[in-house]
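So you can see what is in the structure, the chains are spelled out below.
Number of protein chains: 6
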Amino acid sequence: MSSFPKSLETDTPEDGFALAVKLSRLGVKAVQPDMEVLHRLRPIYSEDSTNLIASSHVIAVHFQTISAANKGWV
Amino acid sequence: MSSFPKSLETDTPEDGFALAVKLSRLGVKAVQPDMEVLHRLRPIYSEDSTNLIASSHVIAVHFQTISAANKGWV
Amino acid sequence: MSSFPKSLETDTPEDGFALAVKLSRLGVKAVQPDMEVLHRLRPIYSEDSTNLIASSHVIAVHFQTISAANKGWV
Amino acid sequence: MSSFPKSLETDTPEDGFALAVKLSRLGVKAVQPDMEVLHRLRPIYSEDSTNLIASSHVIAVHFQTISAANKGWV
Amino acid sequence: MSSFPKSLETDTPEDGFALAVKLSRLGVKAVQPDMEVLHRLRPIYSEDSTNLIASSHVIAVHFQTISAANKGWV
Amino acid sequence: MSSFPKSLETDTPEDGFALAVKLSRLGVKAVQPDMEVLHRLRPIYSEDSTNLIASSHVIAVHFQTISAANKGWV
Numbered sequence: 001m002s003s004f005p006k007s008l009e010t011d012t013p014e015d016g017f018a019l020a021v022k023l024s025r026l027g028v029k030a031v032q033p034d035m036e037v038l039h040r041l042r043p044i045y046s047e048d049s050t051n052l053i054a055s056s057h058v059i060a061v062h063f064q065t066i067s068a069a070n071k072g073w074v
Numbered sequence: 001m002s003s004f005p006k007s008l009e010t011d012t013p014e015d016g017f018a019l020a021v022k023l024s025r026l027g028v029k030a031v032q033p034d035m036e037v038l039h040r041l042r043p044i045y046s047e048d049s050t051n052l053i054a055s056s057h058v059i060a061v062h063f064q065t066i067s068a069a070n071k072g073w074v
Numbered sequence: 001m002s003s004f005p006k007s008l009e010t011d012t013p014e015d016g017f018a019l020a021v022k023l024s025r026l027g028v029k030a031v032q033p034d035m036e037v038l039h040r041l042r043p044i045y046s047e048d049s050t051n052l053i054a055s056s057h058v059i060a061v062h063f064q065t066i067s068a069a070n071k072g073w074v
Numbered sequence: 001m002s003s004f005p006k007s008l009e010t011d012t013p014e015d016g017f018a019l020a021v022k023l024s025r026l027g028v029k030a031v032q033p034d035m036e037v038l039h040r041l042r043p044i045y046s047e048d049s050t051n052l053i054a055s056s057h058v059i060a061v062h063f064q065t066i067s068a069a070n071k072g073w074v
Numbered sequence: 001m002s003s004f005p006k007s008l009e010t011d012t013p014e015d016g017f018a019l020a021v022k023l024s025r026l027g028v029k030a031v032q033p034d035m036e037v038l039h040r041l042r043p044i045y046s047e048d049s050t051n052l053i054a055s056s057h058v059i060a061v062h063f064q065t066i067s068a069a070n071k072g073w074v
Numbered sequence: 001m002s003s004f005p006k007s008l009e010t011d012t013p014e015d016g017f018a019l020a021v022k023l024s025r026l027g028v029k030a031v032q033p034d035m036e037v038l039h040r041l042r043p044i045y046s047e048d049s050t051n052l053i054a055s056s057h058v059i060a061v062h063f064q065t066i067s068a069a070n071k072g073w074v
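In the order they appear, the protein sequences are chains B, W, L, A, S and D.
With the first letter of the first sequence counted as 1, position 56 gets the number 56 in the working numbering; the numbers rise by one all the way through.
With the first letter of the second sequence counted as 1, position 26 gets the number 26 in the working numbering; the numbers rise by one all the way through.
With the first letter of the third sequence counted as 1, position 30 gets the number 30 in the working numbering; the numbers rise by one all the way through.
With the first letter of the fourth sequence counted as 1, position 37 gets the number 37 in the working numbering; the numbers rise by one all the way through.
With the first letter of the fifth sequence counted as 1, position 68 gets the number 68 in the working numbering; the numbers rise by one all the way through.
With the first letter of the sixth sequence counted as 1, position 72 gets the number 72 in the working numbering; the numbers rise by one all the way through.
All clues given are correct.
One copy or two, it doesn't matter: identical chains are merged, so the pair holds either way.
The calculated lysine-lysine pairs, modelled on PhoX-like cross-linking and capped at a C-alpha distance of 25 Å, are:
{"no.": "1", "residue 1": "Lys22", "residue 2": "Lys71"}
{"no.": "2", "residue 1": "Lys6", "residue 2": "Lys71"}
{"no.": "3", "residue 1": "Lys22", "residue 2": "Lys6"}
Worth flagging that the hints you see were computed from the coordinates, not collected in a lab.
Isolated chain B (complex conformation) (with noise of 0.2 Å):
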């Protein structure tokens, strides 16, 4: 898994939020490696409303784990 965050602690929460958005691309590359299937169905379920609502949800739960690692950022 190359290029896995060495710590979940990030300087602000938008960067904890990109770092979110990452570990659910890492989590869809861990069910599917294979890039050029990846490839294949990304305009599929980026041009498709459920899917992109369901993605947001996945990023919002680590988000949440990255929040909480973080204490909120306060």
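Got chain B; can you put chains W, L, A, S and D on it based on the hints?
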């Protein structure tokens, strides 16, 4: 990711809820950055009850994260 | 977002549950503010078991948030 | 919302689980209060595996909330 | 609800996971207590990938609850 | 449930993520232990965007549990 909030801290639960709505949209944009596609999809998902409830679900997850960062505004 | 509660603190779990129901509706309204569309959709989703269970799920997430803010009303 | 419990505290995890089942039903009733409609839907969703798993999911979320209020009954 | 565990505390994460599997089944049984119906549905959902992933999701939520009750077995 | 980890503690977030992937698979196997069926389903769900996102969601929930057990690796 322009206009990302500097902090998850908000003065009121209402402001926290507005931030949760914003984060759920930023999650969708992170997966589909093409605003033209998003505008094309909008009338579809915003008039579909399953998609509306799913969107409300993502907002709920982000609101939970934001509430925790604000210690429930207590 | 009119009529948003000033606080997540409630006297009882029952009041907290009512607030969770309200927040789940405010989430839907944030995505689809047109009350006419919402009224048109209502008979569809409120008689569809999948939509009803999904709505109950969103209420459950908000109730978890509100319970945490109230320290479980213990 | 008649018969709502006064407290989330229960003597045992089993009682907490029963309360979670109750809250998941109260969530459905909050969206669809018409008992006639609910009785008509029951044979549909209770014999559909997707709906059964989704219902079990809502119970799981409420059980998590109740377990936290009871500090895991430890 | 016979055979419900007296406690969420387990010796190991593995035992906690087995308990999570059990709770997810008890959730389904709470909604559909007729074992004959459940046995009829089993070959359908256990060979359907969407249902399998959804079941795994419910187990994950219960495992999170049980892990919290056991303070992560640390 | 052979090969279940003895502990949720891991040295790094990356190891925690790999464990989350493993737990999501063990959840599926708990519901469908027949490896032949699972191998037959694999090409179906691993090339279906909805299933991939749902799998990524389950991984996210387990990662949240594991992160909490490791106090966010901070």
